[in-house]
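Participant: One-letter residues, chain by chain:
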Amino acid sequence: MTAKIIHPRTQSLLLLTLLIFLLPPMPLLYAGEALVSGRYLNGAGQDIQLQITVASPAPSTLIVIQKLPAGTVIEAATPAFHQYDAGKGEGKWLLTQIRPGRHVLSLRLAHPAAAGAISGEIRYMDPSSGRLTNLSFRP
Amino acid sequence: MDSEKPLAGGIPMVNIDGARIRRIREDKGLTQLYVATVVGVTTDTISRWENRRYPNIKKDNAIRLAEALESELADIIEHSQPVPPAEEPAPPPDTAAAEPATPLPLPKPRFASQNIVVLGAAFLLLALTGLALLWWHTATEEESQIIAVRILPAHATPGIPFPVIVEVTTNSSLPFSLILKETLPQDSIPGQGKPRFVFQESGPPVLKWIDKLSKEHAVYSYLARLKPQVKLETVHQFTGRVTVRSDDDPSITISGATSLQASPFHWADSNSDGRIDDEELLSVYETYGGIEGLTFGNKLIEDIWTAKGYRWNPKTQEYDLLR
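Line order of the protein sequences matches chains B and H. Numbered by my numbering, the letters in the first sequence go through residues 1 to 139 in order. Numbered by my numbering, the letters in the second sequence go through residues 1 to 323 in order.
No false leads were mixed into what you were given.
One-sided and incomplete, this derived list gives chain B residues near chain H with beta-carbon spacing under 7 Å: (1) 60; (2) 61; (3) 63; (4) 83; (5) 96; (6) 123; (7) 132.
In silico DMTMM-like cross-links for lysine to aspartate or glutamate, where the CA-CA straight-line distance does not exceed 25 Å: (8) 227/H to 201/H; (9) 181/H to 26/H; (10) 181/H to 70/H; (11) 308/H to 90/B; (12) 299/H to 126/B; (13) 67/B to 279/H; (14) 67/B to 277/H; (15) 92/B to 277/H; (16) 88/B to 279/H; (17) 67/B to 280/H; (18) 92/B to 302/H; (19) 88/B to 278/H; (20) 67/B to 302/H; (21) 308/H to 75/B; (22) 67/B to 278/H; (23) 308/H to 85/B; (24) 88/B to 273/H; (25) 67/B to 303/H; (26) 88/B to 303/H; (27) 208/H to 292/H; (28) 92/B to 273/H; (29) 92/B to 279/H; (30) 299/H to 121/B; (31) 58/H to 75/H; (32) 92/B to 286/H; (33) 215/H to 286/H; (34) 92/B to 278/H; (35) 308/H to 278/H; (36) 88/B to 302/H; (37) 88/B to 280/H; (38) 92/B to 280/H; (39) 67/B to 47/B; (40) 92/B to 320/H.
By construction, these hints were calculated from the structure, which means they are not laboratory data. Ideal placement from N, C-alpha and C gives every residue a C-beta, glycine not left out.
Sequences and hints are given; from them, build the entire structure.
Facilitator: Dropping the structure here:
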């Protein structure tokens with residue numbers, strides 16, 4: 001289904017020339033950059049801190065899953081968890097309209113947790129493929 | 001306004017200036033089809049309005065005509081001439097613009113024999129100019145592609161609003177005007193639109209966007225809901241067209257999703273398993289979350305996501321959350 005619109009050929013030629021010269025270096029600029037990554041700033045004890053780094057173009061929404069030992073009592077979460085299943089020790093943050101950059105998520109536990117008992121996972125839809133992406137990380 | 005005159009039936013009528021309308025339309029590069037589509041009349045009617053000196057038409061049509069021409073009403077109304085007797089006898093709404101055509105008397109041509117050579121030379125010059133213009137036109141014309149795709153949930157519960165998106169993509173580097181016309185199912189009610197639409201309520205709901213596209217990609221979105229009395233499992237059709245300001249192949253059909261089924265499952269629960277999982281939630285936010293100001297019911301969706309599941313309660317017309 002097409003429709004014709006008149007526009008100057010010179011503009012198209014200029015655009016084509018620009019694309020020829022500008023496009024090849026672009027993959028080099030983006031190569032090796034993960035869209036989203038996560039790491040623990042503090043991954044043991046009573047105060048847990050996660051840092052999420054989001055590159056551009058960013059997915060608009062992330063789900064961050066925090067896995068703790070079963071039965072862990074949470075005293076505070078910043079921002080607040082959207083879901084927390086104390087029986088499983090699994091909490092979820094829903095981060096919407098997220099901007100590229102670094103974001104810190106914090107937890108205060110009732111009792112200290114061991115480093116090996118904690119892990120995190122980030123879920124998002126890859127903006128280019130539209131596929132669900134899972135990213136696991138540990139302290 | 002001196003050219004405004006109501007008919008006996010109380011319908012306000014105005015005299016418009018046909019020649020001025022044609023001049024404005026041609027200056028702005030608008031086709032008769034484009035103007036006719038915006039006003040909601042046929043191209044024959046636009047042609048009649050332009051070819052008669054001061055046609056007397058309904059004021060509502062004149063207002064829409066001014067909008068289509070991107071002008072003020074005062075710009076197209078005839079001011080100086082006295083109002084002629086109403087030529088249009090309060091027509092029915094669907095034939096509002098069908099005035100009888102009065103052919104203009106043509107002057108009889110008179111040729112002097114000594115002018116034949118001059119006329120022949122002028123004709124030759126005109127023909128050469130025409131050929132040169134044709135060559136220039138074909139040399140500078142390129143085919144641009146416009147694609148319009150509708151994104152629509154596969155199902156929705158009657159009474160619960162769902163979002164619809166029409167994405168228009170083009171490879172044209174120049175701005176152009178378009179009219180997007182979206183026809184909703186008969187048993188549906190349109191809600192919020194981003195950007196705002198013009199709503200036509202006769203028959204099935206029709207939404208119209210008149211816009212100037214100055215970038216490669218534009219999104220037209222709206223909320224709609226099936227009427228609460230709609231029976232479950234029935235299928236409802238959406239159709240739409242995009243008309244651009246062009247003489248060649250000016251109208252394209254909106255492709256993509258065209259039907260939606262009435263269902264007890266929430267529209268965001270795409271696999272209809274009675275819960276909204278992480279993938280469904282992320283998919284909803286990626287698709288609809290980026291449209292600023294479109295309130296597609298994210299609070300309810302998050303509530304269902306945090307719950308273990310949900311069930312549609314036909315008595316309360318709400319979802320019961322399972323904790």
